[in-house]
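Protein chains: 2
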Amino acid sequence: MVSQNYFFKVKTPREVQNILKNTAEPLESESLELSEKLLGRTLYDDLVSPVDLPGFDRAIMDGFAVQARDTFGASPSAPAYLQVAGEVKMGEKASVQVIPGQAVKVSTGSMMPEGANAVVMVEYTDYLDDKTIEVTRPAAPLDYIVGKTDDMEKGELVLEKGHTLRAQDIGALAGLGITSLSVTRKPRVTIISSGDEVVSPEKEIKYGQIRDINSYSLSSLAKQAGAVSVRMGIVPDDFNSLKERMAEGLEKSDIALVSGGSSVGTRDVTLDVIKSFEDAEILVHGISIRPGKPTIIARIGSKYLFGLPGNPVSVMITFDMFVGYLIALLSGRKETAWKLQSVKAQVNKNVASAPGREDYIGVKIIKTKDSIMAEPLLGKSALISTMVKANGLIRIPLESEGIEQGSEVDVFVF
Amino acid sequence: MVSQNYFFKVKTPREVQNILKNTAEPLESESLELSEKLLGRTLYDDLVSPVDLPGFDRAIMDGFAVQARDTFGASPSAPAYLQVAGEVKMGEKASVQVIPGQAVKVSTGSMMPEGANAVVMVEYTDYLDDKTIEVTRPAAPLDYIVGKTDDMEKGELVLEKGHTLRAQDIGALAGLGITSLSVTRKPRVTIISSGDEVVSPEKEIKYGQIRDINSYSLSSLAKQAGAVSVRMGIVPDDFNSLKERMAEGLEKSDIALVSGGSSVGTRDVTLDVIKSFEDAEILVHGISIRPGKPTIIARIGSKYLFGLPGNPVSVMITFDMFVGYLIALLSGRKETAWKLQSVKAQVNKNVASAPGREDYIGVKIIKTKDSIMAEPLLGKSALISTMVKANGLIRIPLESEGIEQGSEVDVFVF
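Chain order of the listed sequences is A and B. Take this note's numbering: the final residue in the first sequence is number 414, and no numbers are missing along the way. Take this note's numbering: the final residue in the second sequence is number 414, and no numbers are missing along the way.
Rather than coming from a laboratory, the hints here were simulated on the basis of the structure. Hints should not be assumed to be uniformly reliable.
Where chains are identical, the list cannot tell them apart; a pair therefore holds if satisfied intra-copy or between any two copies.
[Stated by the list, open to error] Heads up, simulated BS3-like pairs for lysine-lysine below, C-alpha to C-alpha not over 25 Å straight-line:
#1 367 / 275
#2 161 / 223
#3 364 / 275
#4 21 / 334
#5 303 / 9
#6 367 / 349
#7 37 / 161
From just these sequences and the hints, can you work out the full model?
Now the structure itself:
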């Protein structure tokens with residue numbers, strides 16, 4: 001006898017991501033001060049340069065600012081002779097002008113004096129007396145100069161809305177004098193473990209009980225994905241307890257996750273609780289993915305609730321594929337692609353799959369001198385050790401019947 | 001005339017990394033509580049499983065625990081008939097035993113009763129009356145069971161010392177009941193910007209001055225690399241100011257970074273200050289890398305001091321290659337490889353280089369339907385915009401004269 005709830009309409013992973021994309025709106029902004037805390041945050045607005053950078057022509061070598069034509073043809077045997085009209089000190093406005101036949105001493109980073117259009121490197125000059133240098137190599141116009149708008153120009157679009165800030169971007173903000181910035185608020189994720197057999201890690205366990213793995217792997221994944229994660233503990237598998245804790249989770253967060261036991265009875269309770277919220281809309285109930293098929297996704301107002309399977313491996317895969325994707329959408333991130341970074345490797349075992357289902361399999365990447373191999377770790381999805389031993393994941397596409405030993409695959413690196 | 005300081009003995013990037021490897025010792029440990037804060041931290045000791053996981057045989061399907069041989073040959077037309085001797089509730093010890101001809105009801109995750117060696121899925125059973133089921137498909141021994149040590153075995157090495165903790169590892173710790181863990185202390189990195197032309201980002205600037213980019217990109221890079229970063233502001237280019245701030249930086253941290261102007265004079269001051277510390281040992285002075293050649297690395301007691309070039313691009317490259325590498329060593333990380341993750345791409349322009357120097361060039365990765373192209377961003381290393389536009393880096397090896405358009409390269413993704 002198959003329970004009625006087996007007959008939900010299963011969606012493909014792509015369909016599920018599209019549903020999330022079509023329903024999720026980026027969260028509101030918050031203003032942060034310039035600091036390394038901006039790392040990984042998402043730009044709320046386009047960033048337009050408020051100034052020219054560097055804002056004045058700069059020498060980028062130690063030497064002499066000259067008019068290039070004064071040095072044309074110069075060589076060690078026929079040097080050009082120039083009068084030294086002065087020096088530009090670091091951090092000061094250039095006050096001397098360079099007129100034909102003259103040179104002004106400059107350092108790397110100092111302002112170019114007016115009239116000059118090139119820098120001769122100090123290595124190709126020599127003082128004849130206090131006021132005169134000889135130049136033994138010609139300079140071309142613009143040699144060793146950065147122009148006033150060469151780095152950035154006032155009004156230029158520097159970074160687009162939705163960009164995830166990196167170290168260089170934070171450096172650029174400093175360079176432009178931008179000391180506070182609007183970024184999208186971090187999504188809050190609450191995490192509930194359900195199951196009569198689940199106990200907290202610090203407790204002694206009895207036969208039949210297991211410690212709560214999922215709260216900890218999920219809160220770590222949520223943090224890594226750029227959310228604020230709040231663990232809300234363990235709830236027994238009854239309607240009232242679950243409803244109370246889920247209501248609290250929804251109130252405190254943008255996304256509430258419930259990782260339930262995987263038994264039919266437990267799944268039914270989770271579904272009943274979700275349905276009991278007044279404005280609940282069940283978006284997804286079942287996904288053609290392994291592991292992770294019985295995943296439920298609902299929207300309650302502007303908030304999302306996930307009923308995740310109870311197995312530790314299923315939980316991680318479904319998080320990466322759907323919760324992480326939703327966090328990226330709520331964060332307003334332009335790049336929502338799942339695991340951009342992958343390496344090519346050869347699978348060293350046959351792996352079977354069934355068409356109509358996307359399979360995710362943990363692999364151990366083995367680098368040798370000549371090749372990169374991926375060893376599929378074929379464990380049951382109840383085993384966290386499969387993921388602990390893995391340092392990557394491979395995907396077997398929906399339509400495929402498996403991967404043959406020796407074929408090349410993309411490995412998504414943890 | 002070439003200044004005397006140009007004649008330092010330049011080392012290859014590989015030599016520099018080896019020097020760091022041979023001198024750096026992992027820092028001491030600290031104990032952290034089980035939580036998502038362990039993410040990215042390094043294991044100080046080997047992690048050996050204190051218990052068996054799950055610790056008892058578990059059913060991983062809803063159904064009936066049976067003796068497999070009782071079901072051999074069962075089919076819809078010739079079902080096997082079994083007496084239901086009881087049920088194992090979730091989270092409870094199995095108290096009934098399965099003897100030949102009997103079955104015990106189990107749920108996904110419940111404890112297996114003694115005597116049984118397989119689970120028949122509920123889908124292939126049907127109740128004939130309260131106490132009798134028919135089984136319409138044979139079960140093989142061990143079907144749908146996870147053994148008591150299948151996930152982890154007491155005494156098993158789960159993770160090696162030096163491993164960087166990921167979400168699944170933190171989940172596994174919870175599963176094993178490990179609620180506090182020794183990890184290597186995070187290295188502290190102090191960051192000083194030097195230069196008479198450098199001003200703090202919140203200040204108005206005058207001609208000849210530029211805002212402090214490097215403090216912010218460096219502190220972000222240090223944070224990203226797993227260190228605690230402390231910005232110590234801007235110091236003018238004179239011996240006493242620099243010495244005072246560097247002494248303070250060394251006192252407060254494991255690694256002090258000074259990003260100086262790139263002029264010869266500035267570099268000389270930095271070098272003089274480093275030499276003036278009583279037990280300073282200059283490990284590196286000049287690296288065959290572009291950008292970043294004038295990098296200085298010294299060891300003062302157990303602490304490290306870096307004199308980094310002043311250009312924003314040079315600073316980032318030398319950080320990644322050497323400071324990030326040192327942070328990994330001090331953190332005790334097993335994996336110190338620079339940027340494990342790369343993608344293959346075709347360079348869409350010729351890029352020249354000089355043999356005897358390793359070149360790093362920012363690229364923009366352009367993904368089309370059929371290919372991944374890398375567009376080299378050939379800018380001066382004084383321009384932070386080069387790095388802002390880039391989403392990856394390519395390396396031209398020491399012995400190469402450049403890369404031809406169309407050749408395949410590894411792009412290290414930011």
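Against the structure, the hints:
no.	hint	verdict
1	367 / 275	neither (49 Å within a copy, 42 Å between copies)
2	161 / 223	both (22 Å within a copy, 24 Å between copies)
3	364 / 275	neither (41 Å within a copy, 47 Å between copies)
4	21 / 334	within (12 Å within a copy, 39 Å between copies)
5	303 / 9	within (22 Å within a copy, 61 Å between copies)
6	367 / 349	within (16 Å within a copy, 30 Å between copies)
7	37 / 161	within (18 Å within a copy, 29 Å between copies)
Checked against the numbered hints above, the structure breaks hints 1 and 3 and satisfies the rest.
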